[in-house]
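Residue strings, one per chain:
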Amino acid sequence: MDEFEGYRRPDGAVGVRNHVAVIPISVTASGLAKRVANDAGDGVRATPHGMGARQPAPAREQTRRVLSGVGRNPNVGAALVVALGTEEIDTDAIADDVAATGKPVETLSIREVGGTAAAVEAGIERARGLRAEADGARRESADASELIFAVECGGSDATSGIAANPAVGDACDRLVAAGGTVSFSETPEFIGAEHVLAERCVDQTTRDRLLDRVAAREDMAREMGVDLRGAQPTPGNKEGGLTTIEEKSLGAIVKGGTTPIRGLVDYAESLPTGGGLVLMDTPGFDVESVVGKVAGGAQVVAFTTGRGSTTGNPIAPVIKVTGNPNTWDRMANNIDVNASTVMDGESLPSIGERIYRTILDTADGRRTEAERRGLTEFAINEVHATAPRGGTGS
Amino acid sequence: MKGTVVDDVALVMDAGDVVATALADLDAGDRLPPAEGTPIDEPIRLEEDVPFGHKVALVRIDAGDEVQKYGEVIGRASDGIAPGEWVHTHNCESTRGRGDLEDAGADDPGGEAV
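Respectively, the protein sequence lines represent chains R and V.
When you line the first sequence up against this note's numbering, it's residues 1 to 394, in that order.
When you line the second sequence up against this note's numbering, it's residues 1001 to 1114, in that order.
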């Protein structure tokens, strides 16, 4: 049995980290959240973002789902929800969602405590109190089947489809075989490969939902007046040898492995536990996409990159994998697993096993390169008024 | 690695593919020898430099023909391509998200041409 030492939460979920999350309701509280996290000591993480106090209903609902999801993520041991105090999203409702998991939660309103200076002081005090409470969490053995593992790619090149993605896919298959749950996303990067994914769906509902979401993304490119070719593949992808979105997609989807697709959820919607592969409908922008899956409950993320990416996340450890030998040479201190060895003859299952062990070691507490370097990017996907049917949150 | 490596320098992902991916910076004049599991049955001379990660044509591809990699269609030739030529955005284009081609596909649910 493959095990790790995790933090058992009152609702039974297991965290691989024990952060105090400082969650701002809007951009007006994001600066405060960062300040509090910086000054409150180790183990306090802010999730600053750019969403305004007022958003159209679908966008507001999506923001609310992300903020609740982040607070509920098992890697969070306690949470402080901060607001200016004039936001439409109800601070107490977010705090209640998080409290429903049994974790300590507090709220803070900049207006109520008397402005920024008082709020920083009160925020630091509350965060330290929550830190002390979270430190009481006990670590215990957990099974690999209790992991939700999210997979992302960014800065793709030709090596992504040849080395890093199939190697991570092999690790996904291993985790699913051990009873774990795997999720990958980035719907724009299903375009041209959706027929391959559709064949793997366990039922007609999932298949229809998948094809509908892909069509919606393709329509969105058209309706926004964007010729998809202008943006996908990106200039960097093209420099790295990728010619078309179809080629990028066919290389991208292998990062989820080869197991049947159990379902597809909305951006930031809770990922079902219980094992197997579940897709999430997210944008291609990697920071927002990772945040969607972490809000969905993912405790560990793997991020493949050919051209080199430094992205991390405040709540979930991000394991970087590259298949490009030049990127490995140049950016080894941002990369956890070198999969370019496939070009020297190492087999994909051998690299997949190394990645699988890295997932378990990371769950067990070993810090990733992104964590060592304090990289904690956070952004929420915005629902655009032009988003067509079936788009995220619309 | 999935697929067939030709002479340590090029990777053919699927026997039906018409392109190989360069596993090193290849130079004009380099040759790819015949290899089982690939469509190369006589040596191919590279017509131009092909950078690491980029694609080289293994067979004659006519304008309008589908271009196959991973055993799947990755696009369509926008120009005739000879064996040994570099295959990239100058001679191969996507068939997806193409508002400018909508007129031809009446049953496509897409929006206005852009």
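It is possible that some hints are incorrect.
Claimed, not checked - One-sided and incomplete, this derived list gives chain V residues near chain R with beta-carbon spacing under 7 Å:
| id | residue |
| --- | --- |
| 1 | Asp1027 |
| 2 | Gly1053 |
| 3 | His1054 |
| 4 | Val1059 |
| 5 | Gln1068 |
| 6 | Tyr1070 |
| 7 | His1090 |
| 8 | Arg1096 |
To be verified - Computed spacing ranges between beta-carbons, pair by pair:
| id | chain 1 | residue 1 | chain 2 | residue 2 | range |
| --- | --- | --- | --- | --- | --- |
| 9 | V | Pro1034 | R | Asp364 | 47 to 53 Å |
| 10 | R | Ala332 | V | Gly1064 | 42 to 48 Å |
| 11 | V | Ser1078 | R | Asp143 | 26 to 32 Å |
| 12 | R | Thr116 | V | Ser1078 | 35 to 41 Å |
| 13 | V | Ala1063 | R | Asp364 | 30 to 36 Å |
| 14 | V | His1090 | R | Asp143 | 49 to 55 Å |
By construction, these hints were calculated from the structure, which means they are not laboratory data.
Just so it is clear, CB atoms sit at the ideal spot from N, CA and C, and this is done for glycine as well.
Against the structure, the hints:
Restraint check, V/Asp1027 versus chain R: the minimum CB separation of about 16 Å is more than 7 Å; hint violated. Taking 7 Å as the C-beta contact cut-off toward chain R, the hint placing V/Gly1053 at the interface holds, the least distance being around 3 Å. At a threshold of 7 Å, the smallest CB-CB gap from V/His1054 to chain R is about 4 Å, leaving the interface hint in force. Given hint, V/Val1059 at the interface with chain R, is violated; its Cβ is 17 Å from that chain's nearest Cβ, farther than 7 Å.
A cut of 7 Å between beta carbons decides the hint on V/Gln1068: the least distance to chain R is about 10 Å, and the hint is violated. Taking 7 Å as the C-beta contact cut-off toward chain R, the hint placing V/Tyr1070 at the interface holds, the least distance being around 5 Å. Annotation: V/His1090 was flagged as interfacial toward chain R, and the flag is violated, the nearest CB pair being 9 Å apart, outside 7 Å. Because the smallest distance between the Cβ of V/Arg1096 and any Cβ of chain R comes to about 5 Å, under 7 Å, the interface hint for this residue holds.
Under the hint 47 to 53 Å, the C-beta atoms of V/Pro1034 and R/Asp364, about 50 Å apart, fit the expected range. The beta-carbon spacing between R/Ala332 and V/Gly1064, approximately 45 Å, falls within the hinted interval of 42 to 48 Å. Separation of V/Ser1078 from R/Asp143 is about 52 Å and departs from the stated range, judged on CB atoms against 26 to 32 Å. Look at R/Thr116 against V/Ser1078: about 57 Å separates their beta carbons, and that is not inside 35 to 41 Å.
In this structure the hint that V/Ala1063 and R/Asp364 lie 30 to 36 Å apart at CB is violated, the actual value being about 56 Å. The hinted window of 49 to 55 Å between V/His1090 and R/Asp143 holds, with their beta carbons roughly 52 Å apart.
Consistency note: the structure conflicts with the earlier hints numbered 1, 4, 5, 7, 11, 12 and 13.
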